[in-house]
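When you get a sec, could you build the whole thing from the sequences and use the hints?
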Amino acid sequence: MKKYLFFLLLGCFFTASFAQDNLRQKLDSLLDNPLFETTQIGLMVYDLTADQPLYQYHARQLMRPASTMKVITAITALDRLGGDYMFCTRFCYTGNIHKGKLTGNLYCVGGFDPMVSVNDVKDMVARLYEMGVDTLRGHIYADISMKEPVDWGEGWCWDDDNPRLTPLSIGRQDTFTDCLVRELQNIGIVLQNVTIGEAVCPANARLISPCFHPIDMVLERMMKKSDNFFAEAVFYQIAASTGKPFSKATDASAIVRQLIRRIGLGGKSYRIADGSGLSLYNYVSAELETMLLRYAWRNSVIYEHLAPSLPIAGVDGTLEKRMRGTVAQGNVRAKTGTVTGISSLAGYCTAANGHQLCFSIINQGVMRGSDGKSFQDRVCVALCE
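For the sequence shown, our numbering gives the first residue as 1, with consecutive numbering after it.
The set of hints was computed from the structure by calculation and includes no laboratory data. For each residue, glycine too, the CB sits at the ideal point set by N, CA and C. You may find that some hints are simply not true.
Unchecked claim - Simulated restraints on C-beta separations:
1. 161 <-> 248: 22 to 32 Å
2. 185 <-> 243: 32 to 42 Å
3. 187 <-> 340: 39 to 49 Å
4. 122 <-> 52: 47 to 57 Å
5. 193 <-> 257: 43 to 53 Å
6. 371 <-> 324: 49 to 59 Å
7. 370 <-> 194: 23 to 33 Å
Given below as structure tokens:
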């Protein structure tokens with residue numbers, strides 16, 4: 001019996017070794033491509049089941065990640081904030097209510113929730129009306145003190161159509177107070193000499209209605225659709241967790257670096273400039289993204305919220321039209337990245353032997369994004385075969 005087990009284990013070892021050698025040969029063959037005579041590539045594949053690296057090629061080279069930066073942001077947010085975290089916008093008032101008239105001020109306190117809608121504003125106004133208020137005499141203030149007063153991220157291109165980073169918006173537009181006034185009037189609340197402005201909500205203000213959205217809803221759009229505004233909203237939640245007034249992007253960057261140190265890569269010269277990957281100042285590596293994916297996979301609380309948010313090859317999100325009709329379809333879950341000159345992909349898949357893998361592929365200097373995507377798709381097919 002012992003001899004049988006010995007040979008069984010020996011056979012498994014040689015089978016696994018052969019499979020690894022076969023994969024390495026396939027990836028080596030894919031890298032033997034004229035594309036890499038003029039472009040750069042960082043690639044790492046990690047066997048999560050065996051807990052060992054399978055393949056590395058320039059894995060530590062610093063590169064711009066494009067939107068695979070959102071993987072770093074999502075993992076950091078789930079690690080720092082937890083899977084039950086809620087984005088919150090508050091509707092408050094000061095003053096007195098007498099015979100239906102509120103003599104005082106209304107405050108809309110922005111929490112950088114990218115999912116606030118017109119219906120949410122209607123619900124806030126309805127709550128005020130249910131309190132018996134039919135007249136307002138005072139001011140309506142937008143409290144946007146949650147974050148630093150900058151409209152765009154560090155290193156963003158001035159000629160891109162980038163979202164303005166405001167913590168109080170509807171559909172990423174800075175029109176919250178306009179919408180509020182309209183809905184107050186629609187429900188029948190009379191506005192007497194009301195002015196609109198910006199001010200910090202005082203500590204003694206009374207809550208009328210909070211508006212909540214769970215982090216899972218935000219992550220789904222951030223990752224599946226690669227929404228940059230949603231990613232920056234998550235980035236500033238990380239920053240706000242420090243408890244500092246006027247949260248800054250540098251606060252979030254510091255927390256990301258703390259996580260990087262915890263996974264053992266703190267000695268590297270990474271640069272974390274924003275949460276979406278729009279910045280030209282971001283510099284990470286395929287190794288960093290892969291090891292963060294490993295960290296997430298080993299932490300069930302993080303993984304159970306991260307995995308459903310990732311696009312699925314040939315099925316949905318930014319991978320909906322990629323890898324169709326291959327063994328990677330429905331198997332690969334990964335975040336795409338595309339900016340001028342950069343194409344990237346980072347995520348998870350299951351190999352034919354049942355092992356769970358994670359990987360990061362960063363193509364830099366590719367002037368046709370389709371070249372990078374084609375290479376990444378072939379790598380994914382090789383991993384799944």
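**Prompt:** Which of the stated hints cannot be reconciled with the structure, identified by number in ascending sequence?
**Reply:** Of the numbered hints, 6 and 7 do not hold.
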